[in-house]
Amino acid sequence: MKKIDDKLLSWASLLEENTEQQARTTARMPFVFPHLALMPDAHLGLGATVGSVIPTLGAVMPAAVGVDIGCGMIAVRTQFTAGDLPDDLQPLREQIERAVPLSAGASNRKIVATAEPRIAELEALAERAGFDPAGVHGGWRNQLGTLGSGNHFIEVSLDEQDRVWLFLHSGSRGVGNKIAQRHITVAKRLMQRWWIQLPDPDLAYLVEGTPEFTRYVAELGWAQHFALLNREEMMDRVVRQLSEVLGTAVDEQERINCHHNFTQRETHWGKSVWVSRKGAIQAKAGQPGLIPGSMGTASYVVEGLGNKPSLESSPHGAGRLFSRSAARRTFTHDQLREAMVGIEYRDTDAFLDEIPAAYKPIDQVMADATDLVAIRHTLRQVVNVKGD
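First residue of the sequence shown? That's 199 in this note's numbering, and the numbers climb one at a time after it.
It is possible that some hints are incorrect.
[Claimed, not checked] Label pairs and their in silico Cβ distance ranges: (1) 387 / 285: 57 to 63 Å; (2) 405 / 244: 18 to 24 Å; (3) 287 / 405: 51 to 57 Å; (4) 405 / 449: 48 to 54 Å; (5) 569 / 333: 44 to 50 Å; (6) 312 / 280: 26 to 32 Å.
[What the hints assert, rightly or not] Keeping only pairs whose Cα atoms sit at most 27 Å apart, straight-line, the calculated DSSO-like set for lysine-lysine is: (7) 200 / 376; (8) 201 / 482; (9) 469 / 482; (10) 386 / 200.
Treat the hints as calculated values from the structure; they're not laboratory data. Please read all numbers here as calculations on a predicted model, not as lab measurements. Backbone N, C-alpha and C define an ideal beta-carbon position, used for all residues, glycine too.
Let the sequences and hints guide you as you build the complete structure.
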């Protein structure tokens, strides 16, 4: 851990100057208490740095959560081992791709039985929160159980004992994005109305006790729960596809589901604060968590160490070194194929911006995080599913 100044602590050994400056700017917001914690995978984001933990007193910055509210990971350890998997994994990949709608904007053609109680739960939660999510995104029900694009993925992996894990990454899809965008806009308008000058317009904030703050927190909580149930729904479908391919029901040995883009109230240094983790997971002592690498590299099942200066947090992944456009200019399809040798995936240059070389080395990120989490399992992918 490096103390950059009284308001900024960093665990990142690989940190670009513009990323550090962005974090400094956020850390100087007057309501940040006691300090901003920068994770090992930190990289430039919109307004607030991706890979930052931002505790605030009496205010929340919607852009410090980001537009993929509740984005996170879910993993299931099965009873199977590598020897139970077929030699040809393409049929398994294709069955997963048929069961889970992929890509930006994708929706289910119909609401399946497993989704019905989850949708009912979300409808009840929305009613208690006093808003209609259909007014934000009319198709939200049909997006429950869909993956999205970008760095979202579904994987079949093996751990150090060759046990089979199912692993996926996704968030709150279109409805969460629209909720976030709406409240970021509201916060910016309030700053203009109150003549508040900010070092970055995307640091616009909502003040606790105002109707705007109350509305944001209610809709934020709903979107975070949508994201959690979205992952549960997809994982149930992936479990079902694995069962069908192997001809045996999956016995779930363990299931872990955790956010890495979220806000919640916590107590730190004797004060109740809103903690916004933008690209970070909570890592209380003994708390299980998931840290994926990029496609083609290792992922980790971890246990939190309750590190107090980090506000009991840890990194959420590898963290980008190249923007998506820069990665497409820098790397080739042949390099992507080389990086994915031995992994069953859909061979397309649509995934070029997700090539492992576009990310920080996950081994270095985990080395930087040794006082934040303990590694329980190291996973290596054998199947990778992504949306264009």
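Comparing the hints with the structure gives:
As the Cβ distance of residue 387 to residue 285 is approximately 59 Å, the hint placing it in 57 to 63 Å holds. Range check, residue 405 to residue 244: Cβ separation about 21 Å, and the 18 to 24 Å hint holds. The hinted range of 51 to 57 Å is satisfied by residue 287 and residue 405, whose Cβ atoms lie roughly 52 Å apart. Take residue 405 and residue 449: their Cβ atoms lie about 50 Å apart, and the range 48 to 54 Å holds.
Under the hint 44 to 50 Å, the C-beta atoms of residue 569 and residue 333, about 45 Å apart, fit the expected range. With their beta carbons about 28 Å apart, residue 312 and residue 280 fall inside the hinted range of 26 to 32 Å. At roughly 36 Å between alpha-carbon atoms, residue 200 and residue 376 are farther apart than 27 Å, so this suggested pair is violated. For a cut-off of 27 Å, the pair hint linking residue 201 to residue 482 stands: about 21 Å separates their Cα positions.
Of the supplied pair hints, the one linking residue 469 and residue 482 holds, its CA atoms being roughly 17 Å apart against a limit of 27 Å. Pair hint residue 386 plus residue 200 does not hold up; C-alpha atoms about 33 Å apart against a cutoff of 27 Å.
Of the hints listed earlier, those the structure fails to meet are numbers 7, 10, in rising order.
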